[in-house]
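Engineer: Quick note on the numbering used here: the sequence shown kicks off at -15 and runs consecutively.
Don't read these hints as lab results, they were simulated from the structure. Hints may contain errors.
Below, computed lysine to aspartate or glutamate pairings styled on EDC-like, alpha-carbon distance capped at 20 Å [what the hints assert, rightly or not]:
id, residue 1, residue 2
1, LYS102, GLU90
2, LYS38, ASP21
3, LYS214, ASP44
4, LYS34, GLU345
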Amino acid sequence: MKKIILFLFLIMTCSSIRAQQDDRYVLLISIDGLRPDFYMEEDWNTPTLKSLMKTGVYADGINSVFPSVTYPAHTTIVSGAFPREHGIFYNEPRNSQNNHWFWEYERITTKTIWEAAKEKGLTTAAIMWPVTVGAPITYNFPVRRPYGGEKGNQLSVTEPLVTPETLMPEMRSAGVIKSNDQFKHETIDQTIGGMGQYILKKHRPSLMAVHFVNVDHVQHVHGRDNSFVKDAIHNVDVQIGKLIKVLKEGNIYEKTDIIITGDHGHVDINKVFLPNLLLKKAGLIIGNSWKAKFTTAGGAAFLYVKDKKYTKQVKDILNTLPDEQKGLFTIYDRNDLDKIGADPEAALALGMKKGCVSNSELKGSIVQNRKLVAAHGFFPDFKEIQTGFIISGPNVAGHDKKITFDMGIQDVAPLISSILDLDFESKDGVFHNGILKINN
């Protein structure tokens, strides 16, 4: 009889825990290229973002990773770890052939909130979240594109990777997905929003991550402040409003904490610096062979050497440049890179100054002028490269409350873990008191 009572007690306890978890939901939204001014300044038509800011806690900027590019940053958001730990150092492996990017989840070398949620028995979902092909996500539409002469388009190569197998037929039947035309830049965020609305309404995941992408694209093409950028962020704002409407119609809005963040800001640039051209002139790069070589990522360039002795030689080359060229970058040594959790195999890195990016080309002049556009990748130590952060929901401690402490994208995972009771330990992220009511 005692054993029966104990058994029933355990069942009731587990049911109670499960019920508590079912009463908590997280909608994590990443806007690629999100800048805090999009919700803090009146010039931007973003009523949904501004409403969430007024009803929650927000920052006027949080730090990214180095390099501040999409795939390393998004992996940091869901792992609470810097690239040094999670292994996604760039958008694509530096020895990648044929434009193969970091698409596969198996390339991540540390634990993520996806695994922690699965261990807790929670239902999860992700749409267009980087590095999620094969991820332990219940409802998953990952990022994948054709590469290396592969036939097809983004939809055709992604569809076989969508999980579960029933999800794509469901969305096609519901009219959510019709053709690859929906994945063009001008329509892709509506498509992402439509998939998010469908999954939220039909499957009600405890944790859902949605990655909007076009705001980043238009800044790359048109610069930071342009009517195209205003249209793109307004469109995302509308999509977020539709997601919130689904939460309300499903009676889970009052149980959902909504996190809005991004991966990096953007900086207007009009110059390009070619560090590998310097190494070529010094005989360190000859044809396809090299003794030292930079891998570039927008506002960053990371040096890799075949022997440590070449690191000093490269430093000497950089330090003997004319002042106007030396003024285009800052040299970050191995200690600096360790502090920010960058690729442990890099000997040093260049963080480009505002207005200039790096390029791996080996032809032309060392510094080249180019049409004004916006870029990222820079060392995350100045305002324009910071991304945004808003959290609003039942577990948030305050309304229209501005964060007064330094925060980074690595601190998002601890927040999600706390809300959903994931018991997830971040390697680099910290839980900041004052954001949530719980665990303060």
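Engineer: Take the hints in turn and mark each one as holding or not.
Structural biologist: Quick rundown of the hints versus the structure:
1. Distance check on the hinted pair: LYS102 and GLU90 sit about 16 Å apart at the alpha-carbon level, within 20 Å; holds.
2. At roughly 14 Å between alpha-carbon atoms, LYS38 and ASP21 fall within 20 Å of each other, so this suggested pair holds.
3. With a C-alpha separation of about 19 Å, the suggested pairing of LYS214 with ASP44 holds against the 20 Å cut-off.
4. At roughly 42 Å between alpha-carbon atoms, LYS34 and GLU345 are farther apart than 20 Å, so this suggested pair is violated.
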